[in-house]
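Produce the entire structure from the sequences given, and follow the hints as far as they go.
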Amino acid sequence: MIIVGENINTSRKSIAEAVEKRDADFIVGTAQAQAEAGAHYIDVNAGTFLKEEGECLCWLVETIQQAVDLPLCLDSPDPGALTGAMKRHKGVPMINSISLEEERFRSLLPVVASQPCHVVALCMAQRSMPVTVGERVKAGAELIHKLTNEGIPLERIYVDPLVQPVSVDTRMGTAALGAIQGIMKEFPGVNTICGLSNVSFGLPRRRLINRHFLALCMASGLSAAILDPTDRELMATLLTVDMLLGRDEYCGDFIEAYQSDRLPGA
Amino acid sequence: MSELTSLNEAVIRGDIKNALAETQKALDAGVQVQDVLDRGLIAAMDDVGERFAKGKIFVPQMLRSAKTMQECVALIKPAFQEGNVTLKGKVLVGTVKGDLHDIGKNLVAMMMEGAGFIVIDLGVDVSPETFAEKAIEVKPDILGMSALLSTTMPAMPMTIEALKKAGVRDRMKVMIGGAPVTGKYAGEIQADAYAPDAGSAVSAAKKLMGIS
Chain A
618 MIIVGENINT SRKSIAEAVE KRDADFIVGT AQAQAEAGAH YIDVNAGTFL
668 KEEGECLCWL VETIQQAVDL PLCLDSPDPG ALTGAMKRHK GVPMINSISL
718 EEERFRSLLP VVASQPCHVV ALCMAQRSMP VTVGERVKAG AELIHKLTNE
768 GIPLERIYVD PLVQPVSVDT RMGTAALGAI QGIMKEFPGV NTICGLSNVS
818 FGLPRRRLIN RHFLALCMAS GLSAAILDPT DRELMATLLT VDMLLGRDEY
868 CGDFIEAYQS DRLPGA
Chain B
6 MSELTSLNEA VIRGDIKNAL AETQKALDAG VQVQDVLDRG LIAAMDDVGE
56 RFAKGKIFVP QMLRSAKTMQ ECVALIKPAF QEGNVTLKGK VLVGTVKGDL
106 HDIGKNLVAM MMEGAGFIVI DLGVDVSPET FAEKAIEVKP DILGMSALLS
156 TTMPAMPMTI EALKKAGVRD RMKVMIGGAP VTGKYAGEIQ ADAYAPDAGS
206 AVSAAKKLMG IS
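In the order they appear, the protein sequences are chains A and B. The first sequence begins at 618 in my numbering and counts up one residue at a time. The second sequence begins at 6 in my numbering and counts up one residue at a time.
Hints in this document: simulated from the structure, not taken from any laboratory. Just so you know, not all the hints are guaranteed correct.
Derived, one-sided and incomplete: chain A residues facing chain B with beta-carbon distance under 7 angstroms [what the hints assert, rightly or not]:
{"#": "1", "residue": "Gly664"}
{"#": "2", "residue": "Thr665"}
{"#": "3", "residue": "Leu667"}
{"#": "4", "residue": "Pro694"}
{"#": "5", "residue": "Leu717"}
{"#": "6", "residue": "Glu720"}
{"#": "7", "residue": "Ser724"}
{"#": "8", "residue": "Thr749"}
{"#": "9", "residue": "Gly819"}
{"#": "10", "residue": "Leu820"}
DMTMM-like mimics (lysine to aspartate or glutamate), calculated; alpha carbons at most 20 angstroms apart, straight line [claimed, not checked]:
{"#": "11", "chain 1": "B", "residue 1": "Lys72", "chain 2": "B", "residue 2": "Asp20"}
{"#": "12", "chain 1": "B", "residue 1": "Lys93", "chain 2": "B", "residue 2": "Glu55"}
{"#": "13", "chain 1": "B", "residue 1": "Lys189", "chain 2": "A", "residue 2": "Glu634"}
{"#": "14", "chain 1": "B", "residue 1": "Lys212", "chain 2": "B", "residue 2": "Glu138"}
{"#": "15", "chain 1": "B", "residue 1": "Lys95", "chain 2": "B", "residue 2": "Asp20"}
{"#": "16", "chain 1": "A", "residue 1": "Lys704", "chain 2": "A", "residue 2": "Glu719"}
{"#": "17", "chain 1": "B", "residue 1": "Lys178", "chain 2": "B", "residue 2": "Glu142"}
{"#": "18", "chain 1": "B", "residue 1": "Lys212", "chain 2": "B", "residue 2": "Asp20"}
{"#": "19", "chain 1": "B", "residue 1": "Lys212", "chain 2": "B", "residue 2": "Asp202"}
{"#": "20", "chain 1": "B", "residue 1": "Lys189", "chain 2": "A", "residue 2": "Glu637"}
{"#": "21", "chain 1": "A", "residue 1": "Lys630", "chain 2": "B", "residue 2": "Asp202"}
{"#": "22", "chain 1": "B", "residue 1": "Lys170", "chain 2": "B", "residue 2": "Asp40"}
{"#": "23", "chain 1": "B", "residue 1": "Lys169", "chain 2": "B", "residue 2": "Asp202"}
{"#": "24", "chain 1": "B", "residue 1": "Lys211", "chain 2": "B", "residue 2": "Glu76"}
{"#": "25", "chain 1": "B", "residue 1": "Lys82", "chain 2": "B", "residue 2": "Asp43"}
{"#": "26", "chain 1": "A", "residue 1": "Lys668", "chain 2": "B", "residue 2": "Glu193"}
{"#": "27", "chain 1": "B", "residue 1": "Lys189", "chain 2": "A", "residue 2": "Asp848"}
{"#": "28", "chain 1": "B", "residue 1": "Lys72", "chain 2": "A", "residue 2": "Asp786"}
Here a beta-carbon is modelled for each residue, glycine too, at the ideal position from N, C-alpha and C.
Encoded structure:
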């Protein structure tokens with residue numbers, strides 16, 4: 618399971634303040650904690666800064682990568698902000714994200730085709746939010762075709778099935794899970810990715826919901842997740858489910874985690 | 006008055022079957038339609054809004070109660086006649102151009118209806134021109150805009166500009182919301198109000214209208 622650490626997002630007060638003040642130590646500390654907890658990519662999102670988003674994103678990229686040796690997940694719908702950030706990025710970044718919405722697709726396609734990168738492809742159709750599994754798989758398939766036609770290899774595409782809150786419609790959990798299964802089946806070699814927190818919007822005990830959703834996504838074939846790797850209970854779930862799915866030789870990682878006190882509870 | 010208490014409770018519980026039965030019972034007993042609406046249904050939704058604001062109930066319960074009220078309103082609608090029933094005001098809502106997110110907007114629309122406003126929902130990806138055209142046509146008291154992407158927020162000041170150009174900006178109040186939107190931003194673009202969720206949107210709307 619590929620882990621994208623989600624904590625550096627300016628919608629979080631402490632991160633917004635650190636970016637505002639250009640507090641490099643705080644940002645590096647947050648990135649390092651995620652790296653040590655097992656993140657493969659560090660997501661960076663400065664969307665709340667609006668006009669200054671591009672500037673902030675560039676500063677985040679430079680600040681983090683001079684201290685942490687990991688690729689970043691550049692999280693922005695703004696092609697200008699992404700282009701600037703990509704120029705400063707060392708190694709192959711992940712771009713979060715492209716979708717079929719007309720304006721967004723048109724402006725982001727040249728950006729993701731311009732240099733080697735991983736691309737998160739969001740199953741949002743042209744004019745509406747998908748409702749069914751079928752609509753999600755259809756949008757995903759169209760995105761995969763369009764991106765591979767531009768020369769982007771299948772393995773660099775991460776399809777996001779678009780997770781919606783179950784509080785609004787209790788079919789949204791299985792809609793996302795079915796979409797993950799459908800995409801993985803139809804396009805062997807492609808990746809799937811999702812964030813965990815949308816599913817629990819509007820309900821209490823969100824972390825409880827999110828970590829169970831992670832388990833279900835993993836069982837459906839999810840290959841990457843955007844989450845908080847410093848959440849011990851969440852990572853314990855990930856490790857446990859990896860083992861249950863037969864991906865942990867001699868249950869070694871699980872037992873090691875237990876022995877280093879990383880498995881809270883019973 | 007006690008004859009509407011059972012109706013209140015059914016709406017709060019989200020019990021459509023019993024709510025409809027209680028609505029019919031009230032009408033049969035000669036309760037005025039305005040009363041059924043105000044004290045039977047809107048009062049229940051006010052209670053729901055308050056409980057939600059206090060964290061006692063959550064989005065699914067709010068939705069369930071709103072749907073229950075909608076069913077009861079459908080039942081009493083034939084009795085609505087010009088001037089017979091007054092509602093609090095008219096609200097025009099939509100998600101801005103280039104943005105397809107609608108969950109928050111739909112919740113706001115439902116809670117506004119629950120509070121006794123007439124709501125006209127323009128859907129998603131609504132251009133500034135469409136907002137202005139519809140505002141002229143519909144003459145709302147409040148125009149509500151939702152945006153969930155930082156890149157689509159600029160459509161909000163563009164819409165306000167379109168209203169100014171059409172000469173109708175001062176005929177309505179503008180309220181904005183959505184995850185990246187803030188009260189500060191509302192001030193910067195000269196919107197009249199900002200609300201962070203469906204519950205507070207209703208309170209803000211009532212405040213704008215000078216009602217409680």
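Here's how the hints hold up against the structure:
{"no.": "1", "hint": "Gly664", "verdict": "4 angstroms, holds"}
{"no.": "2", "hint": "Thr665", "verdict": "6 angstroms, holds"}
{"no.": "3", "hint": "Leu667", "verdict": "6 angstroms, holds"}
{"no.": "4", "hint": "Pro694", "verdict": "5 angstroms, holds"}
{"no.": "5", "hint": "Leu717", "verdict": "10 angstroms, violated"}
{"no.": "6", "hint": "Glu720", "verdict": "5 angstroms, holds"}
{"no.": "7", "hint": "Ser724", "verdict": "9 angstroms, violated"}
{"no.": "8", "hint": "Thr749", "verdict": "16 angstroms, violated"}
{"no.": "9", "hint": "Gly819", "verdict": "3 angstroms, holds"}
{"no.": "10", "hint": "Leu820", "verdict": "6 angstroms, holds"}
{"no.": "11", "hint": "B:Lys72 with B:Asp20", "verdict": "10 angstroms, holds"}
{"no.": "12", "hint": "B:Lys93 with B:Glu55", "verdict": "18 angstroms, holds"}
{"no.": "13", "hint": "B:Lys189 with A:Glu634", "verdict": "16 angstroms, holds"}
{"no.": "14", "hint": "B:Lys212 with B:Glu138", "verdict": "26 angstroms, violated"}
{"no.": "15", "hint": "B:Lys95 with B:Asp20", "verdict": "27 angstroms, violated"}
{"no.": "16", "hint": "A:Lys704 with A:Glu719", "verdict": "25 angstroms, violated"}
{"no.": "17", "hint": "B:Lys178 with B:Glu142", "verdict": "16 angstroms, holds"}
{"no.": "18", "hint": "B:Lys212 with B:Asp20", "verdict": "30 angstroms, violated"}
{"no.": "19", "hint": "B:Lys212 with B:Asp202", "verdict": "15 angstroms, holds"}
{"no.": "20", "hint": "B:Lys189 with A:Glu637", "verdict": "16 angstroms, holds"}
{"no.": "21", "hint": "A:Lys630 with B:Asp202", "verdict": "19 angstroms, holds"}
{"no.": "22", "hint": "B:Lys170 with B:Asp40", "verdict": "41 angstroms, violated"}
{"no.": "23", "hint": "B:Lys169 with B:Asp202", "verdict": "27 angstroms, violated"}
{"no.": "24", "hint": "B:Lys211 with B:Glu76", "verdict": "23 angstroms, violated"}
{"no.": "25", "hint": "B:Lys82 with B:Asp43", "verdict": "14 angstroms, holds"}
{"no.": "26", "hint": "A:Lys668 with B:Glu193", "verdict": "13 angstroms, holds"}
{"no.": "27", "hint": "B:Lys189 with A:Asp848", "verdict": "32 angstroms, violated"}
{"no.": "28", "hint": "B:Lys72 with A:Asp786", "verdict": "13 angstroms, holds"}
Checked against the numbered hints given earlier, the structure breaks hints 5, 7, 8, 14, 15, 16, 18, 22, 23, 24 and 27 and satisfies all the rest.
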